[in-house]
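*Asks:* Sequence:
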Amino acid sequence: MNYFKRKDGGLTLCTLSGTNETGGRNCNYIEYNNQILVIDAGFSFPGQEMYGIDYLIPSIKELKAKRKNIKAILITHGHLDHIGAIPYIIEDLGFPPIYAGPFAIAIMKEKLIEKGLDRRVKFVEIKDTTQFKLGDFDIQYITTTHSIPDSFSIFVKSPEGSIFFSGDYKIDEELMDIEALNSIKGKVDLALYDSTNVYREGRALPEQTAVQTTREIIQKHKGRIIVAAFASLVTRLASMIKIAQETNRKVVLSGRSLHTTMRVARYYKYIDVNDSIFITEKQIKNYPDDQIMILSTGSQGERYAALNRIALGEHLYIKGKPGDLVIMSASEVPGNEEKIGRMTDLLIRQGMDLINNAEASVHSSGHGLQEDMKILNSMLNPKYIMPIHGSLTFRYQSKKNYINWGHNPNDILLTEDGQTWTLNNSNVKRGIKVESKPILIDGLGVGDIGDIVLKDRAQLSQYGMFCVILNISQKTKQLLGRPRFISRGFVYMKTSQNLLKEIENIVVDVHRKWLQEMRNSRKVTEQLLYDELERNIARYIRKKTEREPIILPVII
16 MNYFKRKDGG LTLCTLSGTN ETGGRNCNYI EYNNQILVID AGFSFPGQEM YGIDYLIPSI
76 KELKAKRKNI KAILITHGHL DHIGAIPYII EDLGFPPIYA GPFAIAIMKE KLIEKGLDRR
136 VKFVEIKDTT QFKLGDFDIQ YITTTHSIPD SFSIFVKSPE GSIFFSGDYK IDEELMDIEA
196 LNSIKGKVDL ALYDSTNVYR EGRALPEQTA VQTTREIIQK HKGRIIVAAF ASLVTRLASM
256 IKIAQETNRK VVLSGRSLHT TMRVARYYKY IDVNDSIFIT EKQIKNYPDD QIMILSTGSQ
316 GERYAALNRI ALGEHLYIKG KPGDLVIMSA SEVPGNEEKI GRMTDLLIRQ GMDLINNAEA
376 SVHSSGHGLQ EDMKILNSML NPKYIMPIHG SLTFRYQSKK NYINWGHNPN DILLTEDGQT
436 WTLNNSNVKR GIKVESKPIL IDGLGVGDIG DIVLKDRAQL SQYGMFCVIL NISQKTKQLL
496 GRPRFISRGF VYMKTSQNLL KEIENIVVDV HRKWLQEMRN SRKVTEQLLY DELERNIARY
556 IRKKTEREPI ILPVII
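Heads up: the sequence shown runs through residues 16 to 571, numbered per our numbering.
It is worth saying that the hints were derived from the structure and are not from the lab. Some hints here could point you the wrong way.
Unchecked claim - Below are the DSS-like pairs computed for lysine-lysine, each with C-alpha atoms no more than 25 Å apart in a straight line: (1) Lys86 x Lys130; (2) Lys336 x Lys237; (3) Lys235 x Lys202; (4) Lys202 x Lys137; (5) Lys202 x Lys86; (6) Lys509 x Lys492; (7) Lys142 x Lys126; (8) Lys200 x Lys444.
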């Protein structure tokens, strides 16, 4: 089915992915006159229930069917929740050109090299506020402020209407192109706004305020310093390295993504320091504690990130100890509070000191607070507003904020992943929904993991597995010896002999009945024996233990 073409024509917007979460697989697209622009293509990390899954990326079923019509992919900035899906989808989309800032391009190239696709992708570099035309679209990149270099808002005009994508932003009069934003006031039909900090009053803290607070803390501390931050916060990383130089500390990078970011940032001179400031994790033992600063990933409690491995005592080279000071130089992303709490508890149990943003202003959010949102909206004065980048609760609060700031409730639109909207003569109408179920990335597999596999993994994690091995004569189909059992995560076999004896009796009884049926009918197969063993053993175990392990009969 052609989801893009409508009888009434118009400019179609699809909020394909990332609409309903903070920091996850952001992707929108617009279409006019059989020409498509994709805005961002990020990935998100899985929830705890998605065992073994590495990433989630947007569904591109509809885009893939129309890939010949894709004019370009427009990138707002280089965070992975906005660019992380590119290596996984760019080939299926027909390698359209990608427009992005230098830093985002550098990060994407690193990821594309890993896939062997870097030479097949055409990049168009956007260095500052600029305007250009693609087909029937007039496009304007507008320099904005975020926690990563080369961040932009994007304004797209078509004959049927105009759409503004804020991207991730906060108000900074010195770095944002305020003049360009003011120049489109009253010309925006629909504005898609970031909703990350809708509950926080005031303005986002200036970056230099957070840096100065951190500097004062580090200057006073005599032990090791561990700064946990997002690897993509290049400005913050540069400031921390400068503070390390000022306080005569060597810098240790702990976390793969930090090494990638640092390599790119130094190559493009976003961070311009001498190699001598850095030492490896192995070299920490060669320096006094008051000469060490560790820059670490894991501010959100991610399972395999460096800080969490330190907390769990699993880090190969860094062991937490009294005298260490951990500075959490990041906000808690909504939904990560429990993971972060477990991790910080473990750090404190090791005798480490901890400072977070609730105690001291050691982090400046890259996302605007309520006053930032109000200022941007007053500069644009859009006809319609669509809050994105937040749960429904956050976006509903965003709607209430804009109502309080004078907007008509009917002009504030709450969308969902996969929802289409059409602009005709600058008026917006809700359309149909398209496929938006995320694609799961597991190792090298892309989209080959479905709900059944995830259910099996969840069942294994909760109840374990019970394997029943039967050796059967190929000629007579009689049992050869007693059944054998293997338990993994279900019961400890040495202390469960009574249970195993009963299961053995069930196996023998099921086999006996199957053998009798097979003698009476040629239609009876070994698959029937397999199914009956699985069903009867599962029923008995559920009755006796109230557990539901995966039952795996093996017939030899």
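*Asks:* All hints are to be evaluated individually against the structure, with a verdict given for each.
*Replies:* Results for each hint:
1. Lys86 x Lys130: Satisfied, since the Cα-Cα distance of roughly 23 Å is no more than 25 Å.
2. Lys336 x Lys237: 13 Å, holds
3. Lys235 x Lys202: 52 Å, violated
4. Lys202 x Lys137: 31 Å, violated
5. Lys202 x Lys86: OK: Lys202 and Lys86 at ~23 Å, within 25 Å.
6. Lys509 x Lys492: 30 Å, violated
7. Lys142 x Lys126: Roughly 21 Å separates the two Cα atoms, so the pair holds.
8. Lys200 x Lys444: Holds, because 22 Å separates the two Cα atoms, which is no more than 25 Å.
In this structure, the hints that do not hold are numbers 3, 4 and 6, in rising order.
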